[in-house]
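Enquirer: Protein sequence lines, in the order shown, are assigned to chains E and F. Okay, so the first sequence: first residue is 8 according to our numbering, each after it adds one. Okay, so the second sequence: first residue is 21 according to our numbering, each after it adds one.
Because the hints were derived from the structure by calculation, they are not lab data. Be aware that one or more of the hints could be misleading.
[What the hints assert, rightly or not] Below, a list of computed lysine-lysine pairs in the DSS-like style, where the Cα atoms sit at most 25 angstroms apart:
1. F/K327 to E/K155
2. E/K205 to F/K46
3. F/K273 to E/K393
4. E/K393 to F/K94
5. F/K93 to E/K393
6. F/K46 to E/K424
7. F/K327 to E/K424
8. F/K46 to E/K393
9. F/K94 to E/K161
10. E/K9 to E/K205
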Amino acid sequence: MKLKTFRGGVHPLYAKELTSHKSIREMKAPSILVVPLQQHIGAPTKAVVKPGDEVLMGQVIGETDQPVSAKVHSPVSGKVIAIEPRPHISGRSVLSVVIENDEQDRWVKLDTHFDPIQLSREEILAKIFEAGIVGMGGAAFPTSVKLKPPGQAKIDFLIINGSECEPYLTADHRMMIESPDDVILGAKLLAKAVGASKIIIGVEDNKLDAIKVLEEKKGSDAISIVALDTKYPQGGEKQLIKALTGREVPSHGLPFQVGVIVHNIGTAIATVEATRDGRPLIGRVVTVTGSGVSEPDNLYVRIGTPIKDVIEACGGFNGEPGKVIIGGPMMGLAQFDLDAPIMKATGGVLVFTQDETVQYDPMPCIKCSRCVDVCPAYLLPLRLEKYGMYDLWDEAADYGAMDCIECGCCTYICPSKRHLLHWIRLAKNEIVSAQRRQNS
Amino acid sequence: MENNANKRLLVVSPSPHVRDGDTTPKIMFSVVLALFPVIFASIYFFGLDALRILVISSVTAVAAEAACQSLRKKPVTIYDGSALVTGILLAFTLPPQIPSFAVVLGAIVAIVIGKQIFGGLGYNPFNPALVGRAFLSVSFANLMATWVSPFDAVTVATPLQLGSGVVPYAELFFGNIAGSLGETSALAILLGGVYLLYRGVLDYRICAGYLGTVFVLTLVLGHDPVYHLLAGSLLFGAIFMATDMVTSPVTPKGRWIFGIGAGLILVIIRLWAKAPEGVMYSILLMNMLTPLINRFTRPRIYGQGVKGNA
Ligand code: SF4
Ligand code: SF4
Chain E
8 MKLKTFRGGV HPLYAKELTS HKSIREMKAP SILVVPLQQH IGAPTKAVVK PGDEVLMGQV
68 IGETDQPVSA KVHSPVSGKV IAIEPRPHIS GRSVLSVVIE NDEQDRWVKL DTHFDPIQLS
128 REEILAKIFE AGIVGMGGAA FPTSVKLKPP GQAKIDFLII NGSECEPYLT ADHRMMIESP
188 DDVILGAKLL AKAVGASKII IGVEDNKLDA IKVLEEKKGS DAISIVALDT KYPQGGEKQL
248 IKALTGREVP SHGLPFQVGV IVHNIGTAIA TVEATRDGRP LIGRVVTVTG SGVSEPDNLY
308 VRIGTPIKDV IEACGGFNGE PGKVIIGGPM MGLAQFDLDA PIMKATGGVL VFTQDETVQY
368 DPMPCIKCSR CVDVCPAYLL PLRLEKYGMY DLWDEAADYG AMDCIECGCC TYICPSKRHL
428 LHWIRLAKNE IVSAQRRQNS
Chain F
21 MENNANKRLL VVSPSPHVRD GDTTPKIMFS VVLALFPVIF ASIYFFGLDA LRILVISSVT
81 AVAAEAACQS LRKKPVTIYD GSALVTGILL AFTLPPQIPS FAVVLGAIVA IVIGKQIFGG
141 LGYNPFNPAL VGRAFLSVSF ANLMATWVSP FDAVTVATPL QLGSGVVPYA ELFFGNIAGS
201 LGETSALAIL LGGVYLLYRG VLDYRICAGY LGTVFVLTLV LGHDPVYHLL AGSLLFGAIF
261 MATDMVTSPV TPKGRWIFGI GAGLILVIIR LWAKAPEGVM YSILLMNMLT PLINRFTRPR
321 IYGQGVKGNA
């Protein structure tokens, strides 16, 4: 069987065997949680509690009337002890609600529903909105907004992204194996909410066990489970759409423009919890892994748990850590302050030992064109890098810098160890701010 | 105590946090490795002369690179292997009887004029070895056109000068023919080529475009295509010279154009100008066009020209 895939991409060391066989374990909530009021793309929420307030588990603590945003809930029951800027995985400080856990896990009143698929489209959307669900694969775009594409866009495909192409991460893999029914139900609910008639769940072929169990449980011809070639970035939204439907999202466009919406495994499960159990998004599965962690594992972690507690829950560091990354090794963010908390879109905590933490000195570009061959956006990364280095923003824009999906394949493959993506990001930032200046 | 974790010095750098194991020096040394069959073949057929030229050319090239870089107070990067590759490649374009001083001169020109004045590795527009060879052809035309037969070193004409059909294919294939050090044994060259393909260092588009064009054109024009592929330095040039990464296009389409263009030029030179240096000039000319080819063969970006329905 020829596996579906996209053009370009790389095969980094997947290293998933560290955790792929480990069942999801619930981590005990820490005594202090730090819940950022912004965990999503869009407008930050405003705190609706005050220091000193008692909160229940699942109670709304942040919301806003801005159209693109997602509600924030208390992950535990306890007391608000502060609302102040706190370290955040982005490296900046972000206004956060600090909650002291009373360890009672007293829920707010939950509005459960025995058979959520009976809910109307509007009801599903409302429950997703109430639950504060965002894209849990990393981008953290509010799900309720994504499910309401503007205009008359007709959506025919709902794609569930089960590729989990980032090396090391196994959270989605474990969820597919351990909760296949919820994945299927979540996919159906999301499809209903957006009016899509066909559902495709794309899974990389290094997770054959997940493909098998989903195939057994799907129970409907409207759902197809498709094996994808194991290649990074198979789970990139545009790459996944191309591989599964043959359609190409317009440059600078969004998937709904070609009738497709993509959601992540975690989002599908969160949708089930929101509709069936009435539970808001207050926790998620995180893969804690890498040779710098004593006991790599897949943990169910409350949102707002500081990174250091998560590492502690996995036996602490193994030797001296060199780098701590939120997310995977290809797109993750390196951290310097381990007080920063786990958020809704945090799928992994990866720790490299000092030996593994290599700093690369770039050599001259030898025009080997490997970066060109692997770029899934079909760009000329070596060109964009030059333009980024020499402040040639117009040229960078002309050569498609804004089409770069920041997958990092170019930097990964470069035999001269050049920091291509770093310079391309710089160019992108400059192009965006120039556009902003022009528009204002 | 709790805070200990935060006092650690953690490295913060932008993603990606992992890199492929291949490096530019490894690529250069894989080319050296791929050249070994040709090295053995040249020593087998031309004996100590081959060894002499190879050693002088390589040592001079590496020394010239080191000298240039120290004079310019730049870090000396001879360990990246690129100067060594240039030295060996230059040696293979030379006739076995060439005097040592000419080899030294050629290697210095290759590195200094061909590479360092442009800024060193990665910045040179022309294949440095061919620059050295072109310099020698122009300066010492006689020395560069004295060909000898293998083993006994009697002055003879090369198969290309003799014309097609004179030398049997088998001789051409195994290399028992007159010519420059590296062009004699097709078998040795192909061995190196297969290794480079396997190693992911050789671009098949340039090779196929180049060889394919020569094959088709000579066939159409009523010549013996197999003879044209095997005689002269075409095969060596197609596998080891035209595919030099630095001086060939970076776009997929551009690489086809580069190969096809070199093939066209070669056939014109061989059939009409009757010049033996066709391979060298065809590649140097295409090197010159490389920036232009890159400019006009930009790949279509994902999603460009696609219309959404909303
Ligand atoms: S991969 Fe690196 S060396 Fe090769 S062309 Fe791209 S930037 Fe240059
Ligand atoms: S240029 Fe952008 S899209 Fe292309 S490989 Fe590099 S990071 Fe990925």
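Enquirer: State for each hint whether it applies.
Expert: Hints versus structure:
no., hint, verdict
1, F/K327 to E/K155, "holds, 20 angstroms"
2, E/K205 to F/K46, "violated, 48 angstroms"
3, F/K273 to E/K393, "holds, 21 angstroms"
4, E/K393 to F/K94, "holds, 21 angstroms"
5, F/K93 to E/K393, "holds, 24 angstroms"
6, F/K46 to E/K424, "holds, 12 angstroms"
7, F/K327 to E/K424, "violated, 37 angstroms"
8, F/K46 to E/K393, "holds, 24 angstroms"
9, F/K94 to E/K161, "violated, 61 angstroms"
10, E/K9 to E/K205, "holds, 22 angstroms"
The earlier numbered hints that this structure contradicts are 2, 7, 9.
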